[in-house]
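**Q** The lines below spell out each chain.
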Amino acid sequence: MFKKKDVFFSTFEEMANTIVEAVEYFAKGVKDLKDVSEFARKMKEYENKCDNYTHTILKELNKTFITPIEREDIMALTTSLDDVMDGIEACASRFEMFNFHKADEYVFQFADIIVRSSHQIKSSIDLLTHKKLLAIREYTISINQLENEADELQRKCIKELFHTVTDPIELMKRKEVYEMLEVTTDYCEDVANTLESIIMRNS
Amino acid sequence: MFKKKDVFFSTFEEMANTIVEAVEYFAKGVKDLKDVSEFARKMKEYENKCDNYTHTILKELNKTFITPIEREDIMALTTSLDDVMDGIEACASRFEMFNFHKADEYVFQFADIIVRSSHQIKSSIDLLTHKKLLAIREYTISINQLENEADELQRKCIKELFHTVTDPIELMKRKEVYEMLEVTTDYCEDVANTLESIIMRNS
Amino acid sequence: MFKKKDVFFSTFEEMANTIVEAVEYFAKGVKDLKDVSEFARKMKEYENKCDNYTHTILKELNKTFITPIEREDIMALTTSLDDVMDGIEACASRFEMFNFHKADEYVFQFADIIVRSSHQIKSSIDLLTHKKLLAIREYTISINQLENEADELQRKCIKELFHTVTDPIELMKRKEVYEMLEVTTDYCEDVANTLESIIMRNS
Chain A
35 MFKKKDVFFS TFEEMANTIV EAVEYFAKGV KDLKDVSEFA RKMKEYENKC DNYTHTILKE
95 LNKTFITPIE REDIMALTTS LDDVMDGIEA CASRFEMFNF HKADEYVFQF ADIIVRSSHQ
155 IKSSIDLLTH KKLLAIREYT ISINQLENEA DELQRKCIKE LFHTVTDPIE LMKRKEVYEM
215 LEVTTDYCED VANTLESIIM RNS
Chain B
35 MFKKKDVFFS TFEEMANTIV EAVEYFAKGV KDLKDVSEFA RKMKEYENKC DNYTHTILKE
95 LNKTFITPIE REDIMALTTS LDDVMDGIEA CASRFEMFNF HKADEYVFQF ADIIVRSSHQ
155 IKSSIDLLTH KKLLAIREYT ISINQLENEA DELQRKCIKE LFHTVTDPIE LMKRKEVYEM
215 LEVTTDYCED VANTLESIIM RNS
Chain C
35 MFKKKDVFFS TFEEMANTIV EAVEYFAKGV KDLKDVSEFA RKMKEYENKC DNYTHTILKE
95 LNKTFITPIE REDIMALTTS LDDVMDGIEA CASRFEMFNF HKADEYVFQF ADIIVRSSHQ
155 IKSSIDLLTH KKLLAIREYT ISINQLENEA DELQRKCIKE LFHTVTDPIE LMKRKEVYEM
215 LEVTTDYCED VANTLESIIM RNS
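Residue numbers (my numbering), protein chains in the order written: chain A, 35 to 237; chain B, 35 to 237; chain C, 35 to 237.
Please note that the accuracy of each hint is not assured.
Because identical chains cannot be distinguished in the list, a pair is counted as satisfied if it fits within a single copy or across any two copies.
DSS-like, lysine-lysine: derived pairs with alpha carbons at most 25 Å apart [said to hold, decoys possible]:
| # | residue 1 | residue 2 |
| --- | --- | --- |
| 1 | K165 | K207 |
| 2 | K78 | K207 |
| 3 | K68 | K193 |
| 4 | K190 | K136 |
| 5 | K193 | K76 |
| 6 | K156 | K190 |
| 7 | K190 | K76 |
| 8 | K62 | K166 |
| 9 | K136 | K166 |
| 10 | K93 | K165 |
| 11 | K83 | K62 |
| 12 | K97 | K62 |
| 13 | K190 | K83 |
| 14 | K78 | K190 |
| 15 | K136 | K83 |
| 16 | K193 | K78 |
| 17 | K97 | K65 |
| 18 | K136 | K209 |
| 19 | K190 | K209 |
Think of the hints as simulated: they come from the structure by calculation, not from any bench.
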């Protein structure tokens, strides 16, 4: 279907690698939030790096006549990968904006789910590059299951939040962090869905 | 355009029937919220049922070469129907998460709008199955009007909320319930818009 | 590519003009919020006007066999322009719903960003009408930069909000106004992205 080291696919790989790196930095970072501004700054750096890959792809798309997969699919995959990065960066920024120095067990669990999703995304992109389209489905199913896990976790921790926290501003802050973490797993699911359409149209 | 008992269309009908059933259960349920966990559990059951229909359609799409309407349209209609179900289930789950045992008149009014929208969706899907595409437009217009009604209702009740409720946590809970109910009518409108594009491309 | 006074393009121009007018009215209005209900009413009027243009385009699309650009692009551009108007109208409505009579410096800054974006949108639509597709890119880049500005502004003012405001209900109101203003710049960015795809497919 496409030659191995196509610029689109090698850039998708860079994006996936950057996402894995950023998400692992996030998961480690939330365990020690002493310097929230450094934490947020570093995550913003990952996001800028990912933005540059997005621009590379768009520029390439404008000067390439024949693309390895449909232009719409390249656009959709680029956007959905970029959304994952924006999502996790937005989560990190909340710790700084809310002056939040202590994450709880639930945040660690969300971070763990997102780390696992990011690895599944990376594996899927590798398979896409090597034209092993049907093998991707195993990973997209996993990503969907991880999103379900995150959804259940969110319901559990928001329920507990309303049962235990009485300070409304504290409640607001923690609720928004949980919700943004859950939304990030929705973005991972969007990557999976985009990959599913690419498989469907190319196999 | 397509044969009458096509698997895609019969599954869309099942989805629409399940949505009507779930929404009617919801509208009855909010009038008596003594057992919120049973209420939420039952709504989750409807959602799982709808998820299964979604998977049926996706699996079928992967093994079918010629589809009765464009693959993209089948995907978009499936997703938008599934979103309606996810929306109403998410509303129900809030009553449990927030330990909310008393819905107000506004919730009943939202529920009534969503019940009416779900019947319009069901009628539209029936017409789609029977290839009466142009007759669908009457229902999509109705669904749009119901969404406008819900939007006005939301503004009215959030205005009242800020005027009358002084407990910030109580306010937060009720605001989120109203907003989720309104979002569910947006999802109904997405179904209508998807049907509009299908009509446009096939008539 | 298309004849100069095509009904689709002239209606897009009307939509862009109405958006500029509404956004400028908004920016002036937030400086003096004595009569919030008149402010909200007038903004709703602009929104209705924009809705009528949307209906004109959809009706025209249904009776036109050959369109100047792809039907999907016409739909996407219509929807994204309509979203900008809905966004700014929703912002205005909050002042009334929240009984909010005093906007702050941050609201003025957001309004200024949105005014500038709306002019960039208008210029883009004019270029589209005159088939100067490649010249549009300068404006879409600008709109993206303005969205980035709004995103940074939002982070700054929400951070300050949590540092300075202790009344949770006051905090909730102002947070929602800032967020809705930022979301409106996202909608402007969606217009830019839609224009980018139109350029890509037609040049």
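**Q** Compare the structure with the hints numbered earlier in the document and write down the numbers of the violated ones, lowest to highest.
**A** 1, 6, 8, 9, 12, 15 and 17
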